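Peer 1: For reference, the chains in residue letters:
2 protein chains.
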Amino acid sequence: MKFCGECGSTVVQIVPEGDNRLRDVCTVCQVVHYQNPKMVVGTLPEWEDKVLLCRRAIAPQYGKWTLPAGFMENNESTLQGALRETEEEAGAQVEILELFTLCNLPHIHQVYLIFRARLLNLNFSPGFESLEVKLFTEAEIPWGEIAFLAVEHTLRQYFEDRRKGGYAFHIADIGRRNALAEDNV
Amino acid sequence: MKFCGECGSTVVQIVPEGDNRLRDVCTVCQVVHYQNPKMVVGTLPEWEDKVLLCRRAIAPQYGKWTLPAGFMENNESTLQGALRETEEEAGAQVEILELFTLCNLPHIHQVYLIFRARLLNLNFSPGFESLEVKLFTEAEIPWGEIAFLAVEHTLRQYFEDRRKGGYAFHIADIGRRNALAEDNV
Chain W
1 MKFCGECGST VVQIVPEGDN RLRDVCTVCQ VVHYQNPKMV VGTLPEWEDK VLLCRRAIAP
61 QYGKWTLPAG FMENNESTLQ GALRETEEEA GAQVEILELF TLCNLPHIHQ VYLIFRARLL
121 NLNFSPGFES LEVKLFTEAE IPWGEIAFLA VEHTLRQYFE DRRKGGYAFH IADIGRRNAL
181 AEDNV
Chain A
1 MKFCGECGST VVQIVPEGDN RLRDVCTVCQ VVHYQNPKMV VGTLPEWEDK VLLCRRAIAP
61 QYGKWTLPAG FMENNESTLQ GALRETEEEA GAQVEILELF TLCNLPHIHQ VYLIFRARLL
121 NLNFSPGFES LEVKLFTEAE IPWGEIAFLA VEHTLRQYFE DRRKGGYAFH IADIGRRNAL
181 AEDNV
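First to last, the sequence lines map onto chains W and A. Residue 147 in my numbering sits at position 147 of the first sequence, with consecutive numbering throughout. Residue 7 in my numbering sits at position 7 of the second sequence, with consecutive numbering throughout.
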């Protein structure tokens with residue numbers, strides 16, 4: 001951030017009085033512009049022994065597979081956001097079962113919240129952010145072509161829990177995939 | 001937002017191409033300034049049959065009681081944020097036990113994540129954002145003086161679970177306390 005969103009003046013990075021972190025502070029109106037992590041909300045839709053994945057039609061990770069998920073919007077709950085993304089990206093109607101994973105990605109200031117969900121019918125179809133939407137058995141999952149580490153982690157945890165005979169809620173800390181490939185989060 | 005943080009030019013609210021929501025978009029450099037919900041992370045510290053509350057030394061809700069919690073920062077996990085806020089506001093060392101409540105507050109664009117935690121010793125003391133830090137039994141909780149609805153909900157859920165003999169993870173949607181008192185969230 002270089003300019004103040006409130007008055008358009010120059011912003012500097014300083015530690016405000018009573019704070020202990022560098023913040024973007026306006027040199028004229030003194031407004032502090034805080035920056036905080038964003039939530040990515042989505043679902044893991046189940047149908048019999050299969051799960052629903054979307055192939056991305058947008059950057060980053062164009063052409064790679066992911067669960068229907070995206071940035072939570074203002075004025076919605078985490079569940080509403082997860083349902084909205086599932087409808088937008090996969091054209092899929094689901095019933096939310098429970099929160100399955102919370103993935104911390106501190107290096108990119110994101111927290112993923114993925115809900116286990118039951119696909120209600122097979123009338124899904126790609127939204128404009130998806131090239132393709134498809135059901136996969138565990139053996140069919142394109143592990144080398146999963147767009148995001150938090151999604152890969154969630155899928156691996158899902159099949160592990162399924163083998164154990166029951167699903168639990170999991171919290172995971174996820175680091176960089178590769179320090180040279182920052183886009184490949 | 002009135003001005004672009006990147007170039008300082010005027011911002012207008014329009015629906016960008018391929019989007020379906022009004023966003024703040026720069027009239028010159030075309031950058032879209034998204035606004036998303038913030039996470040509030042904190043703990044519910046237990047000691048024998050008591051829980052630790054802080055009395056707020058800052059606005060909003062100066063003088064009211066709350067659990068140690070605050071806005072999650074970039075470059076930290078939800079757990080790290082909860083531990084940091086517990087140290088900053090209550091000077092308290094805790095061991096995190098599990099995620100206890102996720103409270104959606106869509107009207108103020110916040111999601112609370114409160115972890116149940118075990119207080120490790122009685123060497124707590126108010127940080128500069130707190131007037132007082134104190135242990136309360138259920139009977140002693142100042143219910144009429146709790147700062148935030150998400151905190152009140154979490155405390156009520158905690159004592160209800162305790163009476164039932166076991167703690168579960170809970171998701172709650174929390175609306176306005178009172179349409180006339182927007183500060184009193």
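Treat the hints as calculated values from the structure; they're not laboratory data. Where hints are given, some of them may not hold.
Identical chains blur together in the list; that is why a pair holds if it fits in one copy or across any two.
30 Å max Cα-Cα, derived DSS-like pairs, lysine-lysine [unchecked claim]:
#1 K2 <-> K50
#2 K164 <-> K2
#3 K64 <-> K2
#4 K50 <-> K164
#5 K164 <-> K38
#6 K38 <-> K2
#7 K2 <-> K134
If you're wondering where the values come from, they're calculated on a predicted model, not measured in any experiment.
Peer 1: Of all the hints numbered above, which does this structure not satisfy? Sort the numbers upward.
Peer 2: Going through the list in order, the structure violates hints 1, 2, 3, 5 and 7 and respects the others.
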